[in-house]
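Residue numbers (my numbering), protein chains in the order written: chain Z, -1 to 435; chain P, 17 to 158.
Wrong hints could be hidden among the right ones.
In silico contact screen, one side only, chain Z against chain P (beta carbon under 10 Å); selected entries [said to hold, decoys possible]:
#, residue
1, D280
2, M335
3, A340
4, M341
5, D350
6, N354
7, N361
8, Y394
Cross-link-like lysine-lysine pairs, in silico, DSSO-like; alpha carbons within 27 Å at most [as the list claims (entries may be wrong)]:
#, chain 1, residue 1, chain 2, residue 2
9, P, K155, Z, K39
10, P, K41, Z, K177
11, P, K22, Z, K39
12, P, K41, Z, K14
13, P, K104, Z, K282
14, Z, K131, P, K22
15, Z, K235, Z, K260
16, Z, K372, P, K146
17, P, K41, Z, K372
18, Z, K68, Z, K34
Treat the hints as calculated values from the structure; they're not laboratory data. All figures in this text were calculated on a predicted structure; none of them were measured in a lab. Don't be surprised by glycine CBs; every beta carbon is placed ideally from N, CA and C.
Given next are the chains, with one letter for each unit.
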Amino acid sequence: MEKYWHSVTLDKDLCKGCTHCLKLCPTQAIRVQGGKAKILKERCIDCGECIRVCPYHAKKAVTDSFEMLKRFKHSIALVAPAFYGQFSRTEDIDTILTALIDLGFDDVFEVAKGAQAVTKKTNELLASGELLKPSISSACPAVVRLIAIKFPNLISNIVPLKSPMEVSAAQAREEAAIKTGLSPDEIGIFFISPCAAKATFIKGGYTVNKSNVDGVISIKDVCIKMSRQFQKIADVKNLHEAGSSGVMWAASGGEAEATTAKKFIAVDGIHNVIKVLEEIEDGKLGDIEYVEALACPGGCVGGPLTTENSFSARAKIQRICKSIDDTDVTFGENINMFWDQAMVYRPVMNLDPDINEAMRKLNLIDELYEQLPKLDCGSCGSPGCRTLAEDIVRGYAKETDCIFKLREKVSAMARDMLELEGQNTLLSSKKSEEENK
Amino acid sequence: MAEVMKLHYTVSGDDFTRAGETSSKVKKTLNQLGFRPEVVRKVAISMYEAEINMVIHANGGTIDVDISPEEIIIVMQDTGPGIPDIEKAMQEGYSTADHNVRELGFGAGMGLPNMKRYSDDMQIDTEVGKGTCVKLVIKAKE
């Protein structure tokens, strides 16, 4: 696997080279070069902000297709709780899960059950007093990546548990192997995902050696097929098992409220998450026990690969949760819920490995920045004047990429030419004067 | 090129919402320069406390940060009321902040103690009626 594989990619043909994604990217991972956007792979955290904002749909999430199901003898749809809030036709979980079976999956497994297991484990850890306060949830892979590149001091605050998706996948495989008698690698586990970050995670997560998920199919792709499926359902199977506290993880606040933490905060939207993480870093939120942090606005229901708007989806999830019991389906005795490997700081924002050299570069950046117009217009292809100055010093851009600098240069050149022309005229008139003498 | 990078900031005294801007900027700079995360954290927390102190007690002031690969020296100068009893001010929980400030969640009496805890050396030079100068040294080398 490539060192920095990303689900979020660019369709060059559709990209107009505008500045929408450039300016919203929370890690300044986008540049426009040669009229097309370019994603700096080491900085991208797959939050999907650019997918959401691109008016030309040039930013895409690479996910797997239904074709992949054929590779396995037994396929299981691992259903994100956000999926339940996507349909206007039904809010009945059994109906939704039955439609998935009709679509070609051999079985379904609700990630909400994994969420309940993670909650239980989190509560044990909170009670043990071993966690650093405030403890930060590890559920959102985009937030985990953000912390790995921008908040090294908070790495040890993350609760070192696998995500509900990963825990559910392990459990689903184990149960299916017993049920079908197949070997574990003949079973295909497919996560029905609201976001790109999960697709990136299964191909190269920071905290698991090898994901138990074999493929990620976007909620969008499934919904298109499902809309035709609902009418055909002959008999609704009894498939739903998860409790309401697991389903509520779909929307922001659900996860934190399910914990035993008395003082918690739930923050959603990647830019809000950054603000809160900065406050934690400054020691301002020391009295908070638990922080739920989700990159998408509204939580997973606001994922870039969902179809329903996050507000309607949230309302549906809330209605669904009221209509079902909070059944305790906790599992996890046989699976390792902790990270396989510790998270390490990835200092991709560093200017240079040598501090002296980095200081020299930073001085240059400051000097250059003072010369720039500070309009942050983005026309140069960098998200702002400060980043352009950085890019120049890093060797990726030049000063005349700034259109204002270019204009200054062009007018200076024009002045020089006029002056030159003036001198020539003066010379030739002097010459003709002398010839006439 | 000088081996020391000098940063200078003015902290405005009338805006609580902006307190923390300077420490945030310095934090970003140190991260870019590649200082160890623990060092950045010590600087960020001690500087934030100092900034808040300047706003609460002294109507603002100036902050000078000298960065070198060996250490980070932060000098904070204000022309506020000065500290009459440093020993008391160093006690955790002791605060002279008024009621309004406490309502805002500040003035818990942890400012100076936290600055001392997160720095490797702290010197306070203060004169009642004239102002206070706090110098913090944070070692960058292991």
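Results of checking the hints against the structure:
For D280/Z, the suggested interface contact is upheld, since its CB lies about 5 Å from the closest CB of chain P, less than 10 Å. The interface hint given for M335/Z is broken, as the beta carbon of that residue sits about 27 Å from the closest beta carbon of chain P, more than 10 Å. Hint status for A340/Z relative to chain P: violated, with the closest Cβ pair at about 14 Å, above 10 Å. Nearest Cβ of chain P to the Cβ of M341/Z: about 12 Å, over the 10 Å cut. The hint is violated.
Given hint, D350/Z at the interface with chain P, holds; its Cβ is 7 Å from that chain's nearest Cβ, closer than 10 Å. At about 6 Å, the closest approach between the beta carbon of N354/Z and any beta carbon in chain P falls short of 10 Å, and the interface hint on this residue holds. The beta carbon of N361/Z comes within 7 Å of a beta carbon in chain P, closer than 10 Å, and the hint placing it at the interface holds. Hint status for Y394/Z relative to chain P: violated, with the closest Cβ pair at about 15 Å, above 10 Å.
Between K155/P and K39/Z, the direct Cα distance comes to roughly 34 Å. Violation of the 27 Å bound is thereby established for this hinted pair. Restraint check for K41/P and K177/Z: the C-alpha separation of about 57 Å exceeds 27 Å, so the hint is violated. Distance restraint check for K22/P and K39/Z: the Cα-Cα separation of roughly 33 Å exceeds the 27 Å cut-off, and the hinted pair is therefore not satisfied. Distance restraint check for K41/P and K14/Z: the Cα-Cα separation of roughly 34 Å exceeds the 27 Å cut-off, and the hinted pair is therefore not satisfied.
Among the hinted pairs, K104/P with K282/Z is consistent with the structure: their alpha-carbon atoms are about 23 Å apart, no more than 27 Å. Between K131/Z and K22/P the alpha-carbon distance is near 34 Å, which puts this suggested pair outside the 27 Å criterion. For the proposed pair K235/Z and K260/Z, the alpha carbon gap of about 39 Å is over 27 Å, so the pair is violated. Simply put, K372/Z and K146/P have alpha-carbon atoms about 38 Å apart, too far for the 27 Å limit, and the pair is violated.
For the given pair, K41/P sits about 17 Å from K372/Z by alpha-carbon distance, which is consistent with the 27 Å threshold. Using a Cα cut-off of 27 Å, the hinted pair K68/Z and K34/Z is violated, with the two alpha carbons roughly 37 Å apart.
Violated hints, listed in ascending order, are 2, 3, 4, 8, 9, 10, 11, 12, 14, 15, 16 and 18; each of the other numbered hints is respected by the structure.
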